[in-house]
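Engineer: The lines below spell out each chain.
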Amino acid sequence: DVKVTQSSRYLVKRTGEKVFLECVQDMDHENMFWYRQDPGLGLRLIYFSYDVKMKEKGDIPEGYSVSREKKERFSLILESASTNQTSMYLCASSTYVWGASNQPQHFGDGTRLSIL
Amino acid sequence: GQQVMQIPQYQHVQEGEDFTTYCNSSTTLSNIQWYKQRPGGHPVFLIQLVKSGEVKKQKRLTFQFGEAKKNSSLHITATQTTDVGTYFCAGHNAGGTSYGKLTFGQGTILTVHP
Chain X
372 DVKVTQSSRY
382 LVKRTGEKVF
392 LECVQDMDHE
402 NMFWYRQDPG
412 LGLRLIYFSY
422 DVKMKEKGDI
432 PEGYSVSREK
442 KERFSLILES
452 ASTNQTSMYL
462 CASSTYVWGA
472 SNQPQHFGDG
482 TRLSIL
Chain W
1385 GQQVMQIPQY
1395 QHVQEGEDFT
1405 TYCNSSTTLS
1415 NIQWYKQRPG
1425 GHPVFLIQLV
1435 KSGEVKKQKR
1445 LTFQFGEAKK
1455 NSSLHITATQ
1465 TTDVGTYFCA
1475 GHNAGGTSYG
1485 KLTFGQGTIL
1495 TVHP
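Protein sequences, first through last, are from chains X and W.
To convert, take the position in the first sequence, counting from 1, and add 371; that gives this note's numbering.
To convert, take the position in the second sequence, counting from 1, and add 1384; that gives this note's numbering.
Check each hint, because a few of them may be wrong.
Footprint (simulated), chain W over chain X, 3 or more residues, beta carbon under 8 Å [said to hold, decoys possible]:
hint, region
1, 381 to 387
2, 419 to 430
3, 439 to 452
If we take Cβ atoms under 8 Å as the criterion, some of the chain W residues that face chain X in the derived model are [stated by the list, open to error]:
hint, residue
4, F1429
5, G1484
6, Q1490
7, T1495
Quick caveat, the hints were computed from the structure, so don't treat them as lab data.
For glycine and all other residues, C-beta sits at the position ideal for the given N, C-alpha and C.
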């Protein structure tokens, strides 16, 4: 079974801090994703990565950056945390199959981040 | 950019009643996926539809993909309390890259009264 592990379930940080959210998957998946989930807005894609050191902006990348130095690990960085970044953050991974349509995404349990 | 709209936002039903959630995309999709998120949990993949007009069933759940590949629906027959949760559709843009990027709908929160 695919396991996507997020480093923290709950996190409280202060405005202006640099915040790191870590995600590790154990299935050798090529694709990894960071979403934020807010009530009434669904899941919005922040960044995704399709290979080591490769990344693409999603729909709401402002205020965030990412790092993928190893295939199994995808980090989300809040450069200078602000209160409007208080949210649930979900990491996901999926494999890539040449010539096939999208593969299912497997999600971690999420990190509920509060910025005070 | 691509938008995926999902309605209704909330649905309250009595146990045994049917439930349907609808998903509409602003662009043609190459495929659509459906996920379920239980309260306090994370989204879990249910199914993927690829072909125009495709219909798939999973026990009491029926999934449809529109002929134009711009809309989809999930229908649950005779809901049970175990169906409680948020149902999301997620589409891949037909003209987009092939890196597994999905655009999620806002989700429909289903509550079932016993």
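Engineer: So, for every hint listed, does it hold in this structure?
Structural biologist: Do the hints match the structure? See the list:
Counting residues of the region 381 to 387 of chain X whose C-beta lies closer than 8 Å to any C-beta of chain W gives 0; at least three are required, and the coverage claim is violated. Counting residues of the region 419 to 430 of chain X whose CB falls under 8 Å from any CB of chain W gives 5; the rule of at least 3 is met. Given a C-beta distance limit of less than 8 Å, the hint that chain W covers the region 439 to 452 of chain X is violated, as 0 residues qualify and 3 are needed. With 8 Å as the threshold, the beta carbon of F1429 of chain W comes within range of chain X, its nearest partner Cβ sitting at about 4 Å, so the hint holds.
The interface hint given for G1484 of chain W is met, as the beta carbon of that residue sits about 4 Å from the closest beta carbon of chain X, less than 8 Å. Given hint, Q1490 of chain W at the interface with chain X, holds; its Cβ is 4 Å from that chain's nearest Cβ, closer than 8 Å. Hint status for T1495 of chain W relative to chain X: violated, with the closest Cβ pair at about 15 Å, above 8 Å.
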